[in-house]
Amino acid sequence: MALQIVESCVNCWACVDVCPSEAISPGTAYFRISAHKCTECDGDYAEQQCASICPIEGAILLADGSPANPAGSLTGIPPERLAEAMRTIQAR
Amino acid sequence: MELNVLGQSEAGPTAGGGCSAGSCGSSDDQLAHLPEHIREKVHNHPCYSEEAHHYFARMHVAVAPACNIQCHYCNRKYDCANESRPGVVSELLEPVQAVKKVKAVAATIPQMTVLGIAGPGDPLANPQRTFETFRMLSEQAPDIKLCVSTNGLALPDCVDELAKHNIDHVTITINCVDPDIGAEIYPWIYWNNKRIRGRKAAKILIERQQKGLEMLVERGILVKVNSVLIPGVNDEHLKEVSRIVKAKGAFLHNVMPLIAEAEHGTFYGVMGQRSPEPEELQDLQDACAGDMNMMRHCRQCRADAVGLLGEDRGDEFTLDKIESMDVDYEAAMVKRAAIHAAIKEELDERAAKKARLATPSAAQLTGTVDKGHRPVLMAVATSGGGLVNQHFGHAREFLVYEASPAGVRFIGHRKVEQYCVGNDSCGDKESALSGSIRALKGCEAVLCSKIGFEPWGELEAAGIQPNGEHAMEPIEEAVLAVYQEMIANGRLDASVGAAEQCLMA
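Top line first, the protein sequences correspond to chains A and B. Start counting the first sequence at 1; every next residue gets the next number (full-length UniProt numbering). Start counting the second sequence at 1; every next residue gets the next number (full-length UniProt numbering).
These aren't lab readings, by the way, just hints derived from the structure by calculation. Owing to the predicted nature of the structure, the values given are computational and were not obtained by experimental measurement. The beta-carbon is built from N, C-alpha and C at its ideal position, and this holds for glycine as well. There could be a bad hint or two in this list.
Claimed, not checked - Quick list of the computed label-pair ranges, beta carbon to beta carbon:
hint, chain 1, residue 1, chain 2, residue 2, range
1, A, 20, B, 244, 34 to 42 Å
2, B, 344, A, 83, 54 to 62 Å
3, B, 493, A, 83, 46 to 54 Å
Stated by the list, open to error - Footprint (simulated), chain A over chain B, 3 or more residues, beta carbon under 8 Å:
hint, segment
4, 58-67
5, 142-155
6, 186-199
7, 259-271
Isolated chain B, as found in the complex (with noise of 0.2 Å):
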């Protein structure tokens, strides 16, 4: 059947049409002011570099139960399978069953580059368990990267033996430099050996944290920035918060939005603190932007995560799984070395075309995009690659892309959720579909390899453009053509833009 698609215009994509992303703020784009040796370390971990995040996939390990503090957004009560957030895992491991994991996983998924250890408490706070795991894998897995993430009370002890441990990359979760909001977050850490409570807790917690910040960055480690957008108590602060942290030399900042559903069992999701929505997560990004690198690709995984990001294959890999694989590591770091390379490869002739491509592209945006023009939110569906290459009904998460005169940038990720499929509240069953649609409040339309005729439909009717005729396309190339097409097309002539139009109807 004909399915009506946009841009039906003679002003299809071509050559030209590439990406202005490489100069436009996006991706790749987000590291380039980084010195080379800093690019060198991050250009194969999904974690920090947008454009690696497509190809290469990182995993973590449950080897620390144990936590020092306790923030309100967070249940120690971890064990669910379904969930899928930090702080929750199915299965605890000691540091022999893990290290035996990661050779599993990395012999398996070849382009795992990266290990962190994240949790499900804080790795700082188990420093046998957490440090014993890097040093066998150091010796056993020479060609995996290690990371920690940590709430950095502990941090400045182990600032030494993280750099023995040739751990090249932490992560510090710093919610706010002031004490009175810190109150608002964390009700108690355990320090020196007594629970401290309220801002007295919050005060040493921050300086721990600032100070074990400059002692990284004085030994050259590399330290991206979490933060928990949690609205009404630290979402101005947090503008605040990445200038100091860019400032003291954390090179990236990674602003998530607090989940707080009650169902968690958390302190905020049973007190009925709401989480943000993307705008508001959006917009202090962009406002944080201006001082530092924010990186806008976080799933917020769990603590042991298997897979690409925004992926999780940790079932293929449960203890006695892994108890049965004969794991040939030596064979597998050669395999692994030729797959990387082949990655590398194919990532310095995207980079070498879009430099080809620069300065027509530019001159052909200019030359079609009129400045006048507002920007618009459009979806992809993706397996990985940077490709539009998934179906739009097996995508379980979108990644939204801001296309605007001044180019293409990617803004985040959406995931569907069904959170009331069928539930008593809501009166009617809702489908995958309006969960999908919900998904993709804002965005004006969808780009996906293919798409079935109902959901062409429903997406339509809420003011979302399916297409489907950039399949297999990159990723930043098709969204721009998209928007050439909705303003060959006249569709940015008005001053409001469809969503709303369709808000408004």
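Isolated chain A (complex conformation) (with noise of 0.2 Å):
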């Protein structure tokens, strides 16, 4: 099984960076994961290295297919919170 990036990536190289598997690589529109090399970083890290460092809300997928940061996640304000949230910054 491999996570996989999606076209909402932006090519920022951090996740290749991290990847113990070397499994990504520059696409020509946005960064690949390697099915065949990722390992899903099993045995090296507890946690999933390009998910853990990408920026983008929803770039990179798991292996079921669901967003490995959902919306929200990287915020910290998760949707139902938005409009709160823009009230009180909005009234700095």
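Each chain sits in its own coordinate frame; assemble them with the hints.
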């Protein structure tokens, strides 16, 4: 099984440097994870490294196709609290 | 045609009207208290010395794309040619390409003294690419100063490597020393192979920044601290940051305004966090200045900027263009050394002149400037060299100076932004001119080499007096002269300023 990068990738290279399996390389439009090299970091790290450094919500999919970093997980603001957070920030 | 200018009195500028600025807390004097060996290191560094930035140029090479933290004012989608702000680049470079570009720029723009690596991610989160670039440059272009800018997370691990490459300037971005405030700025960090969030993440980042700062200072590496002023988040807190980093040995503090436009796609931009007003920035810089050197000439440039601060000649040095440039760097170094020596001679002459004039100028100042007069902000159009030498209509930015009975001091720069040209929400097409006038908010005069008839009238109507009388004069002397003219004309006698009068009208 392997993780997968999708088109919202911004080509920032961060995942390439931290992958223990050298499974990630630049593609034509965005980075790609080699399905046969990716080990999901099993045996190397407790957390999948590419998913732990990726700055874009939804850009990396887990083996089951769900986003490794779903909406709100990287901003720290879950969608249901977005409007409230916006009001607080705009009152500054 | 005859245009009415400020100060048609007899009291024009005289040699004695020269700068009190040398002794009034601005520009070069900003660094005057520093030990000689530090001044020697920064005298030709445009990002560290306000005086140097009129003469010397810098460049950044974008070899460091990856980042190990997220800041709420940064969007990691950085490929944009039309924006000028930190973290934005057009073309990512391999270290070999970066070295080629640096040599091409250094040969073409001999005033270029400094090469920085500042992103678009964090240079120290890309140690291989960053240090390979430094290693090649220190071998192949030894006349270029190397510096690096970092968020600090990886800094303690890199200090020895930095020292090895003879990097004597490091900038750390420190926005807070309190993890609760940090949690509002940094949603996560990547640390020890894990993503860590919230207060815990901010605490680690702060500890690493402070440790890195201490380690650099121990090794005699100069540290500048950058802070982003975020209204309602760290504005009051930055005074404490300033005190602490100074106590630990940072030699310069650069407080920059938050840039948060929704179209940049940053968290703050999208969420509607506001940027500070110029007055808020100035007040905070003044409040911190009691504690340490404040830098006020930062232009928050792109991670691939090329040229004098405030200009970007990156377009002349794209990969395909440098490919066809045949650079003889040995010959370039000879030319560069001659040009640097000539600039140094000019700076030394200016310094000597100021020293000669210091006493009579102070005497003259106290003679003509009543201590009771209020300070006045003036904008200056300049294309470099420390002179009033740019046409008003060509200025993409203005330098702002404050004249007061204490003398003349540099306050900051204002970009001319035409951010609502012809858009739907403002109803009327906004001209470049009204963009300039808005940029000059709070200023009572604008000094330039020339100015057209139309802007003259509109500036006057906005309470800003245009002045083309001091073309090609040194900026501080010209500002002081205009201030003296304003006093002589009784313009400062009223209790409210011209701009305020205009607003009240």
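If I claimed the Cβ atoms of residue 344 (chain B) and residue 83 (chain A) lie 54 to 62 Å apart, would that claim hold in this structure? holds (58 Å)
Per the coverage rule (Cβ-Cβ under 8 Å, at least three residues), is the segment 58-67 of chain B covered by chain A? holds (count 3)
Count the residues of the segment 142-155 of chain B whose Cβ falls closer than 8 Å to any Cβ of chain A, and tell me whether that reaches three. violated (count 0)
Holds or violated: the 46 to 54 Å window for the beta-carbon distance between residue 493 (chain B) and residue 83 (chain A)? Given a distance of about 53 Å, which is inside 46 to 54 Å, the answer is holds.
With a Cβ-Cβ cutoff of 8 Å, does the segment 259-271 of chain B contain at least three residues near chain A? holds (count 3)
Could you check the hint for me, namely that residue 20 (chain A) and residue 244 (chain B) are 34 to 42 Å apart, CB to CB? Holds: the Cβ-Cβ distance is about 38 Å, inside 34 to 42 Å.
Are at least 3 residues of the segment 186-199 of chain B within less than 8 Å of chain A when you compare beta carbons? n = 8 at 8 Å, threshold three: holds.
Checked against the numbered hints given earlier, this structure breaks only hint 5.
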